[in-house]
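Once you have looked at the hints, place chain B on chain A.
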Amino acid sequence: MTIGVGFIGAGPVTQAIHLPAVAGLSDRLHVARVMDVDEGTAAAVAARAGAAHGTSVEELLADPAVEIVAVCSPHACHAEQAEAACAAGKKAVLVEKPLATTLDDARRIAKAAHDTGVPIVVGAMHTYDPAWLAAERHWGDLPATARRIRSRIVLPPNARFETLATQLHAEPVFPVRAGDPSDPAVRAASIRGAVLGLAIHNLPLVRRFLPHVERVDVTRPLSPFGYVLTFQGGGRTAELIGYLHRGWREEWSFEVWGDDGELRLDFTPSYVRAGSATAELRTPAGLHTFGPHPDNGYTGEWQHLAALATGAEPLRYAASDLVDDLAYALDLAERAADLLLQGTAA
Amino acid sequence: MTSTTLAPLPVTLTGSTDHPAVHATLASLPKYFRPATPGGPIIGTVTAVPTLATLRGALDARPTGTLLAEVAGVADVRELAERAAAAGIPVVVAGPWALDPAVAALAGALDAEDASLIEVTATVPAGSSPTDVLLDQLALLRTAIGPARGVEVIQADAHGHLARAHVGDVPVHLAAAVSGLGTRRARLDVLGPAVQWRLSFPDPATARPATVVRTDADGERLLPTLYESAYRAAWRHLHAAVTDGTVPPYSLHDLADDLDLLHN
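Just so you know, the sequences run in chain order A and B. Quick note: the first sequence, position 108, residue 132 per the numbering used here, numbers continuous. Quick note: the second sequence, position 45, residue 1356 per the numbering used here, numbers continuous.
Next up, chain A with everything else stripped away, as it sits in the complex (with noise of 0.2 Å):
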């Protein structure tokens, strides 16, 4: 008997990303019960995996089929429907990144999980990623003698790789940007955004080497999407670059020097099933490759999921540091909009 999984939010994601790295996993998973408030919606991505569906969050958290709950809601909604799924006794949530929209609302969540034994994994996939699992067990102490971070995630639209992983349902519908980008208020909305929609992917990863930000230097937001963050903490250094361009080459790479040790990881796109990362540990005793493997991240994701219903293996990241994660996130994107705001950016 496999365990089953319901989706709150039947987007692009839920379609391109997890419901093909649940399928990969038939052999202790499948996908039970599909909610999204469009009923249309709901029913036709809960057909291709033979699963129920449903508008109603209630009903799915009430259908006993359904023991681990994927939240892929709207970010605003994701606090209060990962503690409804907490308090339903579910065997384990996943919510997808961010957490929450807010640290207090992180904390709620984290209270929820707490209060009822729920374990709450972050759809964070990179830090799910064999490669850089691998790495973690190689690389000593590294996070101790870290000097310099880089982040650099350039990328063509996700549509390229949408449509590669599955057949959307319907096509995604963005908000059009609006305001004039010379007007200081919308360029600190803009980095916010960025931060938190693309720089957020691997944050983790930087915290984990520089885990105090102590003072952001520069933000400076790249036309037509885009951003360089520089920051400071603990004496470390952390460069952030991400660009998405019209093209069809991704990299998507994250750097560190430490005092002896060198690490790179070079990641696959999101939504396809590329495989992991691969990695490479440079240390005064060679050079050590980690990856590629089949797996990505999000085959990671659910691996742990299934494995913290069934009791197989402990919790990787407690809540309290998903929390610690979002609160980084955060505090990063408001210093890097209030540099803007105070125009001493570039």
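Simulated from the structure, these hints should not be mistaken for lab results. Using N, Cα and C, we set each Cβ at its ideal position, and we do this for glycine too. Relax, there's no trap hidden among the hints.
If you only want the chain A side, here are some residues facing chain B, beta carbon under 8 Å, derived: (1) Arg172; (2) Gly250; (3) Asp283; (4) Asp284; (5) Glu286.
These stretches of chain B come out as covered by chain A in the derived footprint (C-beta under 8 Å, 3 or more residues): (6) 1427 to 1435; (7) 1469 to 1482; (8) 1521 to 1530.
Below, chain B without anything else, positioned relative to chain A:
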């Protein structure tokens, strides 16, 4: 008479260290250069860590040309650049990346006008001076795309540096990380909405080629690779400047301009 039929130019080396591989580099250009005999005409060169005094001394010897083998610890060369120009002495400034033949092969093809960001990043061995590395990065920027303006150093310490600038209206991100393991490499990326360029430079102490890749809607094109270090190319530029009067891609005046960018 063309330069290839001229007798090898006699070279006098100033300085005692063989860095960056001056002797081996000269030995790979036997038709262009030979060690000078006492009393004969010379091309003065400055090796290792030059001081203004050694550079001034090299120019005072009235060579037919000079190669500044490595930019390290130089503060101001404007007056010397003017003096060399007045005396008609071409001065080629070598470096790890700017004169790499892969950059010369671009021949102005790298158009960054529509770019959203230019990145110049490097990993350098421990002990590297942030100012020297920044100068090398600005030199690369100048020969590959064009001169920077508005250089602002954001952060610099023993572990690396961060700076920003512009080329035209395009923002430039300059960064370097110091490697405790001696890693030395660099990249220049031009990110545009439709076209991206990626120039990757391996350890400049070797002739392992830099790669230049242009990415656009039609795919990706790797330009032909050339197994020649930037240092050897610098000597070729010196020979051409002396024998044919060509203007070096990176001269003492360019170095003076980049020093001004850092200090003003």
